[in-house]
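Novice: Chain by chain, the residues run as shown.
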Amino acid sequence: GQQVMQIPQYQHVQEGEDFTTYCNSSTTLSNIQWYKQRPGGHPVFLIQLVKSGEVKKQKRLTFQFGEAKKNSSLHITATQTTDVGTYFCAGPGQAGTALIFGKGTTLSVSS
Amino acid sequence: DTAVSQTPKYLVTQMGNDKSIKCEQNLGHDTMYWYKQDSKKFLKIMFSYNNKELIINETVPNRFSPKSPDKAHLNLHINSLELGDSAVYFCASSQVRSGRHGYTFGSGTRLTVV
Numbered sequence: 404g405q406q407v408m409q410i411p412q413y414q415h416v417q418e419g420e421d422f423t424t425y426c427n428s429s430t431t432l433s434n435i436q437w438y439k440q441r442p443g444g445h446p447v448f449l450i451q452l453v454k455s456g457e458v459k460k461q462k463r464l465t466f467q468f469g470e471a472k473k474n475s476s477l478h479i480t481a482t483q484t485t486d487v488g489t490y491f492c493a494g495p496g497q498a499g500t501a502l503i504f505g506k507g508t509t510l511s512v513s514s
Numbered sequence: 012d013t014a015v016s017q018t019p020k021y022l023v024t025q026m027g028n029d030k031s032i033k034c035e036q037n038l039g040h041d042t043m044y045w046y047k048q049d050s051k052k053f054l055k056i057m058f059s060y061n062n063k064e065l066i067i068n069e070t071v072p073n074r075f076s077p078k079s080p081d082k083a084h085l086n087l088h089i090n091s092l093e094l095g096d097s098a099v100y101f102c103a104s105s106q107v108r109s110g111r112h113g114y115t116f117g118s119g120t121r122l123t124v125v
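Taken in sequence, the protein lines are chains A and B.
Following the numbering used here, the numbering of the first sequence begins with 404 at its first residue and continues without gaps.
Following the numbering used here, the numbering of the second sequence begins with 12 at its first residue and continues without gaps.
There could be a bad hint or two in this list.
[Said to hold, decoys possible] When the alpha-carbon atoms are kept at most 20 Å apart in a straight line, the in silico EDC-like pairs for lysine to aspartate or glutamate are as follows:
#1 LYS55(B) x GLU69(B)
#2 LYS33(B) x ASP12(B)
#3 LYS439(A) x ASP49(B)
#4 LYS454(A) x GLU470(A)
#5 LYS506(A) x ASP49(B)
#6 LYS506(A) x ASP96(B)
#7 LYS78(B) x GLU35(B)
#8 LYS82(B) x ASP41(B)
#9 LYS33(B) x GLU64(B)
#10 LYS460(A) x GLU420(A)
#11 LYS506(A) x GLU69(B)
#12 LYS52(B) x ASP486(A)
#13 LYS47(B) x GLU93(B)
#14 LYS47(B) x ASP29(B)
#15 LYS439(A) x ASP421(A)
Keep in mind the hints are simulated off the structure, nothing from the lab.
Predicted model only: the values in this text are computed from it and were never measured.
With the hints as extra help, turn the sequences into a complete structure.
Specialist: As structure tokens, then:
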């Protein structure tokens, strides 16, 4: 079945360092979405990418969608302690059904 | 006002009991979902309803039964609870069913079966 894979599973950085998480789908996606879940919280929608090669920025966060629409990345510049949490990518299931989530990358930041 | 609200937030119960989790959304969304998040944070789709109609029923034991009395509500009833059912259950909603819009999640129900 369709799979969405994410690496790394965990990442620890010093405050101010950059961070990147990568997402790969076994199938071509119509769109890819990114979510952030703070410790003890619930997933919160960050952004959706639709076009091949699309790049979007939200302050220190940069999101990319691959040319083949099968991979994506989230890059955080100069991490802050407020960036702590688990970042998930997700893509629509086959036949446009419910989102299939990657296993997430948990980011910890030490000051 | 909370957009997607779930109750209860915590649920501790013994094996073999039956329990229900309730979810309500005030966003006017057509589609609602139940996801299960295990201890490794993996989010797995369980059910999806579109305007009260069941459209996704993943390989979930038939001890789990969703019910949607109207498009703003999606409840989850679990019979004969087992230790392996311990997890966080998230309700979510989206504008349409196609996966082309972001989901809004509830705050989750942490179920612990002892």
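Novice: Run every hint past the structure and note whether it holds.
Specialist: Tested hints:
no., hint, verdict
1, LYS55(B) x GLU69(B), "9 Å, holds"
2, LYS33(B) x ASP12(B), "17 Å, holds"
3, LYS439(A) x ASP49(B), "16 Å, holds"
4, LYS454(A) x GLU470(A), "8 Å, holds"
5, LYS506(A) x ASP49(B), "11 Å, holds"
6, LYS506(A) x ASP96(B), "19 Å, holds"
7, LYS78(B) x GLU35(B), "12 Å, holds"
8, LYS82(B) x ASP41(B), "6 Å, holds"
9, LYS33(B) x GLU64(B), "17 Å, holds"
10, LYS460(A) x GLU420(A), "18 Å, holds"
11, LYS506(A) x GLU69(B), "18 Å, holds"
12, LYS52(B) x ASP486(A), "17 Å, holds"
13, LYS47(B) x GLU93(B), "15 Å, holds"
14, LYS47(B) x ASP29(B), "17 Å, holds"
15, LYS439(A) x ASP421(A), "17 Å, holds"
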